[in-house]
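Trainee: Each chain, written out:
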Amino acid sequence: MIDFARMLGNVRERAPLVHNITNYVTINDCANILLACGASPIMTDDPEEVEEITAISDALVINLGTLHQYTVPGMFRAGKRANELGHPVVLDPVGAGASHLRTDAALRLLDEVRFAAIRGNASEIRALTQGAAAERGVDANEGDTSRTDLAAAAAAALAAKTGAVVAVTGVTDVIADGARSCLVSNGHPMMRRVTGTGCMLSALTAAFAAANPGEAFEAVCAAVAAMGVCGEIAHARLGAQDGSGAMRSYLLDAVSSLTARELERDARYEMR
Amino acid sequence: MIDFARMLGNVRERAPLVHNITNYVTINDCANILLACGASPIMTDDPEEVEEITAISDALVINLGTLHQYTVPGMFRAGKRANELGHPVVLDPVGAGASHLRTDAALRLLDEVRFAAIRGNASEIRALTQGAAAERGVDANEGDTSRTDLAAAAAAALAAKTGAVVAVTGVTDVIADGARSCLVSNGHPMMRRVTGTGCMLSALTAAFAAANPGEAFEAVCAAVAAMGVCGEIAHARLGAQDGSGAMRSYLLDAVSSLTARELERDARYEMR
Amino acid sequence: MIDFARMLGNVRERAPLVHNITNYVTINDCANILLACGASPIMTDDPEEVEEITAISDALVINLGTLHQYTVPGMFRAGKRANELGHPVVLDPVGAGASHLRTDAALRLLDEVRFAAIRGNASEIRALTQGAAAERGVDANEGDTSRTDLAAAAAAALAAKTGAVVAVTGVTDVIADGARSCLVSNGHPMMRRVTGTGCMLSALTAAFAAANPGEAFEAVCAAVAAMGVCGEIAHARLGAQDGSGAMRSYLLDAVSSLTARELERDARYEMR
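Chains as they are written, first to last, in our numbering: chain A, 1 to 272; chain B, 1 to 272; chain C, 1 to 272.
Pulled out of the complex, with its shape left as it was, chain A reads as follows (with noise of 0.2 Å):
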């Protein structure tokens, strides 16, 4: 058993700030999910000060999404100045298989950067593993994510060849280290509908990471089952008028009011 509540409550306790170079689609969405939880956000992405936003900070997320060539050093100083201090990394390889760049950069972080973990969809992870494959836009397609005997798989190998814990999102969760997985079977479909709970989700991913130092397979696991969680929230509160408009109001509404109880109730997920 994974004491998901014991996690949250770190979170809203300890207050980690984190380190975002991110896309610029939902770069508000994740500075907002982050004040959600109850931690705190920064965002910059210029290689020349990265290093020193990193040295504040209590953990780090690189994220590929609207990637520029312009940012690309700045993910590299920046992983490297947080795996010299110890901060946990977070890598979201957002489109890891859609471009070039997206995938070369992707693959040379893995080699040069030490990751706490990697949450990804289905083709993103596999791309991850495979090298470069053929991938539609940046969502997984749908015969993927119902595929969640290849997401293990995928989850397991990266993990392995990373020793980052993976973190594979469709409509079961995987997460895997080198020796465990837990399924996670909380969300709710409607969340595709709104952009950027993947990559909110890899924000919640290292505010728990940093609030649970030694626990990273746990932290992660607690932190999908709490976004898994919250959409359920706030899919249960969409009344006849509502749409994705309200969904992404409500997703943040559950973030901020989640209670470690209700966590611990919610949450769906089985060891293997």
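Note that these hints are calculated values from the structure, not bench results.
Just so you know, even glycine gets a beta-carbon here, dropped at the ideal spot from N, CA and C.
Do not take every clue at face value.
[Stated by the list, open to error] Derived coverage of chain C by chain A (criterion: at least 3 residues anywhere in the stretch with Cβ under 8 Å from a Cβ of chain A; other residues may be distant): (1) 159-170; (2) 218-230.
[Said to hold, decoys possible] Straight-line alpha carbon distances no greater than 25 Å define the calculated SDA-like cross-link-like pairs of lysine to any residue that follow: (3) 80/A to 100/C; (4) 80/A to 69/C; (5) 80/B to 112/A; (6) 80/B to 52/B; (7) 80/B to 70/A; (8) 80/C to 100/B; (9) 80/C to 69/B; (10) 80/A to 70/C; (11) 80/C to 235/B; (12) 80/B to 69/A; (13) 80/A to 112/A; (14) 80/B to 100/B; (15) 80/C to 15/C; (16) 161/C to 129/C.
Go by the hints and put chains B and C onto chain A.
Mentor: What follows is chains B and C alone, placed relative to chain A:
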């Protein structure tokens, strides 16, 4: 008569992937409205990867808001690649007329890329027909938007010059191709109190054009009418304490919930 | 007594166009709050076009969040152009003290551009008065914000050094010019759980300064009070399931609905 219901139905059914090279003010809103209408977004503007991303997409939007010299070359590369592949390309000339950088980029794009559709306000569209012109910011000024006849003339002129379907949005929206024009009188002034409604409509336009190949004029009319109808639905929901925050959220809700029947029933338009 | 009602009324009536060179986390929120208060936003940071855009605007905001080396030269060019034209320029030194890039940019801007107003938290303002100083992220730390007297001293010192009206926001907000100071005690801690409330206030400040020429001190006080009153209105609306998502939306609602009478009635301030 335009079969609006079929146009929207095709977007929901075919779920086109829309590549956006767009501004950073409304990039999140554009991603969310594409998800809301049933399409999928992918946003990237680095010149190194735009051609690959365009190649896996079904349509391209080039939006000149927050224009950077750095990303301009990618607009040409992506636009030409999309032309080769036969994907519809939509231009949103945000702020054309307001700076040389934007006006020049827009005019050069018109020379080198074939657009399926161009959507802007009256000032922006006039800047493209007349070359550079003074403009007050990115909002059309009041005097312009009420002058439907001027807008119709500008739309027809730009359509004739470029071969694109041209949509000039304002109090009354005008859509023109070389032969026909359509006036749409849906929408609500409160939409102007939310940033990005123009950008969002341009993204919608690309989704409608991609899902309805060979019917660009009808598709653009349907996108414009859909946005207007959703603005009315959103406005009708506003309660006593609601303002522009709610308007923004309700607009996304409306797009995600809009049925083909509602669009057919509530679209108010006139062919000329 | 400050005539808050007239200050807000002038914003609504004169609808100033505010040019923002700002960060990518909260750029959408800044555009939306400007629209909500009755002003118009234009956001652009490419050095090639900022002078032209500043020239057609009524005020300029320079915000250092997500600072890029690439855009720094444009801050100087736009700032100097605005000075020549007599437009009020507002500095938001986000993260000053947290990195050399930001602190240096802020200090050099203070040397070369004349600011009508500077708005930051206590750590940021102290970094500008003392030169570089250690800071924990972009949020003021708790100890600082409660120390109103320190904030007042820093505000007065920076005002004396620069000639700007300086606003230090925290639990109690302090506004100072060379001669007077004003303490505003509106607002709610929940505002700190929404990213961008500081950036939004800086944008509001520019709108108020532009709409009330020759009354910079009063205009800044009115903007600060308006933001605080709106935070209270937003908080008062929160229902049992609402959290930071609703808070964000209600804040925009409140700004768009705020009447001059409400601002006059609910502003809590003290002149010193």
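Trainee: Each of the hints needs a verdict: does it hold here or not?
Mentor: Taking the hints in turn, this is what the structure says about them:
Here the region 159-170 of chain C counts 0 residues with a CB under 8 Å from a CB of chain A, which misses the bar of 3, and the coverage is violated. Counting residues of the region 218-230 of chain C whose beta carbon lies closer than 8 Å to any beta carbon of chain A gives 0, which falls short of the minimum of three for the stated coverage. With a CA separation close to 19 Å, the supplied pair residue 80/A and residue 100/C stays within the 25 Å bound. Note on residue 80/A and residue 69/C: the hinted pairing holds, with a Cα-Cα distance of about 21 Å set against a maximum of 25 Å.
Distance hint between residue 80/B and residue 112/A is unfulfilled; the C-alpha atoms sit about 36 Å from each other, more than 25 Å. Distance check on the hinted pair: residue 80/B and residue 52/B sit about 12 Å apart at the alpha-carbon level, within 25 Å; holds. Between residue 80/B and residue 70/A, the direct Cα distance comes to roughly 24 Å. Compliance with the 25 Å bound is thereby established for this hinted pair. For the hint pairing residue 80/C with residue 100/B, the CA-to-CA distance comes to about 19 Å; that is within 25 Å, so the pair holds.
Proposed proximity of residue 80/C and residue 69/B is supported: the alpha carbons are some 21 Å apart, at most 25 Å. Between residue 80/A and residue 70/C, the direct Cα distance comes to roughly 24 Å. Compliance with the 25 Å bound is thereby established for this hinted pair. Of the supplied pair hints, the one linking residue 80/C and residue 235/B is violated, its CA atoms being roughly 42 Å apart against a limit of 25 Å. Between the alpha carbons of residue 80/B and residue 69/A the distance comes to roughly 21 Å, so the proposed pair stays at or under 25 Å and holds.
Between the alpha carbons of residue 80/A and residue 112/A the distance comes to roughly 8 Å, so the proposed pair stays at or under 25 Å and holds. Between the alpha carbons of residue 80/B and residue 100/B the distance comes to roughly 23 Å, so the proposed pair stays at or under 25 Å and holds. Our distance criterion of 25 Å between C-alpha atoms is met by residue 80/C and residue 15/C, whose separation comes to about 23 Å. Our distance criterion of 25 Å between C-alpha atoms is met by residue 161/C and residue 129/C, whose separation comes to about 8 Å.
Violated hints, in rising order: 1, 2, 5, 11; the structure is consistent with all others.
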